[in-house]
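Given chain A, put chain B in place with the hints provided.
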Amino acid sequence: MNLKEKAHWVWLETLGIHRRAPETRLASSLSSIEIFVALYYGGVLRINPNNPRDENRDRCIISKGHGSICMYPILADLGFFPLEELKHVCESGSFLGGIPDPVIPGYETVNGSLGHGLGVGTGMAFGLKRKGSDRSVFVVAGDGELHEGANWEAIMFAAQHKLDNLHLIVDQNNISMLGYTDDIVSHGDLSSRLSAFGWDCLEVQGHDVLAVQSVLHQLKSVSGGKPKALIARTLKGRGVPGLENASLSHIINPKPELIDSLLEKFK
Amino acid sequence: MIFKPLAMRDALLEKIWQAMSKDTKIFFTCADFGSPVLDKIRADFPDRFVNVGIAEQNLINISAGLALEGYTVFAYAIAPFITMRCYEQIRVSLALLSEVRQMNVNLIGVGAGYSYVVSGPTHQCYEDITLMRALPNFQVLSPADHVTSAAFFDTCINQSGPKYLRLDAQILPVIYELEPPNLSSGFHVHKRGETMCLVATGYMLHTALKVAAELSSDGFHIGVIDLFDLARFSASELQNVLQAYSGVVSLEEGFRGRGGLDSMLFEFIARRGLKTKMLNIGVEGAYHFELGTRTELHEKVGIGHHAVKEAIRKFAITLPN
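Chains as they are written, first to last, in numbering that gives the first Met the number 0: chain A, 0 to 266; chain B, 0 to 320.
Some hints could be false.
[Stated by the list, open to error] As a list, the in silico PhoX-like pairs of lysine-lysine whose alpha-carbon atoms are at most 25 Å apart:
#1 B/K299 <-> B/K209
#2 A/K130 <-> B/K21
#3 A/K130 <-> B/K24
#4 A/K128 <-> B/K21
#5 A/K128 <-> B/K24
#6 A/K161 <-> B/K24
#7 A/K130 <-> B/K39
#8 A/K225 <-> A/K130
#9 A/K130 <-> B/K14
#10 A/K128 <-> B/K39
#11 B/K3 <-> B/K14
Bear in mind the hints are in silico, worked out from the structure with no lab data behind them.
Chain B with its partners taken away, still in its complex shape:
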C-alpha cells in the first residue's frame, strides 16, 4: 500500500487506539498534551486514560505504578519535558526498577530536534539521544517517518522494559512508501555507496537522502543508512555494512560532540576496530533564540542541506579511494 503522510504521533496513537479495544491491559497517560487521535482514546477508553496535568515527574511515577500492576503503559508528552523534567524519576523507577521488576512503559516524546520551530529552545530538543541512551535497560527509538513510528507499536507491545520514542512534531514526507522497514536489525540501508556512508536518525534522514541524491549526480556515490534503533541495533550487521566504507558521516538533529549519535558511532567504530574516518554533523554551539523556518535554523547551526552538502564534499576529498 502507499502511505499518505501523517504526524508520527497520530500514526502511533492510531495503532494504540485500535489495540485498546481488544487489549484491556493498555493504559495511556499524558501530561496535559493532546493530538487529534488522543481525543478518540480519551473518549473511547476513559477508564484507561489519564491526564496527570502539567506534572511530568508524576507522569513517570504514575506510569511506573500502573506498569507494576500489569498494565502496558504509553506515557505521552513533549520530548524535552518527558525526558529532562523527570530524568530522576525515569532513572529510578523505570531504568533501575526494570532491572528487577517486569514493567512495560513506553515514553512517547513529541518534538525531536527543531520540530517545534518557533517555540524556542525550551520546546526544542537536542539532548535527548545523549541522555536516554545513557540509561541501561532503555530502548531508544527514533523514526524518520510516520510509517516507522506506527511500526514501533509492535515493539512497544511485544518487548517488555522501558522505551523512549522520539517523534517529530511536524508531518514529514513518507520514506517507507510501500512497507515499514524491517525493525529487527535496528537500521535500514537505503543506498549502498562507494567510499562513504551517511548514518542518520530521525528528521536528518530526509536531509541525508536529499544530499546523497544530489551528490550522486556530481559523481559521488554515497551510502545512506537510517539508524532508528539507537540502543539495540545489531552491532554485527552494522559492522558488516560500515566496514566497506573508508568514511562514515553521522547526522543528527542534536548537539554535536555531546554524547549523541556521533559519540555512539565513534565508540562503535573504535571498539570494532574499523578503519574508517568519521565526520559528525550535529547542532553546533549552544542554544539559539533566533526565529526562522526549520530550514533556516538548520543552516544556522550547521545541519542544513547546504551546510551538510558542503561538509560532505570537503570530507570526501580527504578519503582514500
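If we strip away everything but chain A, and leave its shape as in the complex, we get:
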C-alpha cells in the first residue's frame, strides 16, 4: 500500500472501530489520519514496535487524546500490538479505551485531559538536548486544546531554549466540542502567532498525505535553533456526510446504517 491507500485503510478501520464502539470520538479522529499516516508510515518517525520505549526512538506525543482513535489501527498494523485487539475497543479487559492511555504500546503520556502533551513533550525535547541525543519530539495537538494556557508557557520555553528538536503539529480542524473555535476564542492567524513567539511555522493541507509527509521531512531536517510547528488545515469528521465540518461534530454519532453504507461503498 502506498501512503494514500494506507490513509484510506486507516479511515475505514477508524469507522469500523467507531461502529463497534460508539463511545469513541469519531470526528476528531478523522481529521488527524493523514498526519499520523505521514508520521508513522512516511519515514518521519524512528520507531521500534518491538520495544516501544526504545531509547533510539523519536518521541511522538499524541496530545489530542480523544481524537486519535485512528492510531489504534496504525499501531496494530505496525506491530505494536495484535490487530485482533481492534475488535475489542472499549470492551471489558481491553487496553484500547474510548480515550487512549499510556498502557497502550506506542503511547507515551497521559492525554485524556487536554493541553498536557506539548508541555511534557517540551520537557522531553529539553532533556534530549541536554543529554546530547539527536532524537526528535513530535507533538500532535488539536487547535481546540491550544486554548489551555499551559501550552503557551511551553511555547515560550521552547523558543527560549532553542528546542529545534521539538515539532508541534496542530490538527487545525477549527472545531472544539461546542462549535467553531473562531466563534469561541479565535486563534486568529495561528501561524503568525507562533512565529511571533519565536517558532518556525509552516502550513499544509492536512488531508494531502504526500504533502504532509514532504513538509514533515522538511521540518525535521531543519536545525535552525527554533522549535517548529506545522499547521495542518483539516476537516473534522472528514468524509462522513453530516459530520464533516459540522459545528457539533464532536458529539454527533452518525447512525450505524450510515457507517455501514460508507464501509460498503469505500472498502
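Only chain B this time, still in chain A's reference frame:
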C-alpha cells in the same frame, strides 16, 4: 555531630548540590524562586538547572518530560504555587503517569503553614497536606527541622516516583541534634506518655514538644510523635505505639477538619479499631488577612502554644485513666 540551625531548603539543596557533581542524572528546575544554595547550583551546573519563569504548570510539565528522559528531577517553588497552581499537571503527568512509567520527580515546596508570616494567605499554605495526600503514587514528606529535610535527600534519590516535600520557610530550631531520625517507619517517637499522645507534623512538632514539656511539670505525662512521612508511614508500627493511649491529639499547621493530618489519623484509628479518643488541632475557620508574628497568628487561629495547651488540658480531663 551537633547541627547548627539552617533553613530546611538550604540543608536539602546543599545535599543536592553536593550530589550533582557525581550524579549527572540530577536535574534541578525552579519557577523563578531562589535561595543562597540555589545560586551555587545555578553557577556550577548550568546544564542541569533551568528556571522556567513564573509558570508552575510548565514547571511540572518540563520536570515530567525530563524525568521521562531518565533524569532525577528536583522542582522548586513556593509551596502553595507548586501544589495548587498546577494541581492538574501534578495529577495527570506525575501521579497518573507514574502509574505506568518510571519517573522520579521531587517537588520541593517552601512555605508550609504560616511560615511566610507577613505575605498573607496567598503565600501561606494550609491545604497542601489534604491535596497532596489525595494523590495515589505520591509520597508526602513533612520535616520538622533542617536535619530531617536534608535526610530526605536519600529518599528522593533512592525511591522512584513523585514526591512532595513541604518545607518551612523559616529557620527553625534543630530537633534532631545528634543524628537524623530513622526514616524507615515514617515517624519518630520523641516521648512516651501515660494516657495521651500528641501526633504532630512540621512546625507543629515544636509546639507539641514545648507544650508536652510544660504539662509534664504539671503532672501530665504526654507522648509526642513526629509524623514526617504522611503517605507511607508504617501503619503497623504506628498502631503499636498509639494503641497504648486513650487519647490522641493531631497537630498541624493546616485547616482543621478539611482532610489533612486530622482526617488521616481519624481514618487510621477507625480502620484499625483503636479505642482512643481524638482531639484535632489545626487552623480554625477560613482565611485571615490580619498581620502579626507567627506566634500571634497561631494564637488567633487556635494552634498557638497557649491555645494548644489549654485545649489539651481540657481534653485530658475527658480521658479515662
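> Looking back at the numbered hints, which does the structure fail to meet, lowest number first?
Replying inline: none
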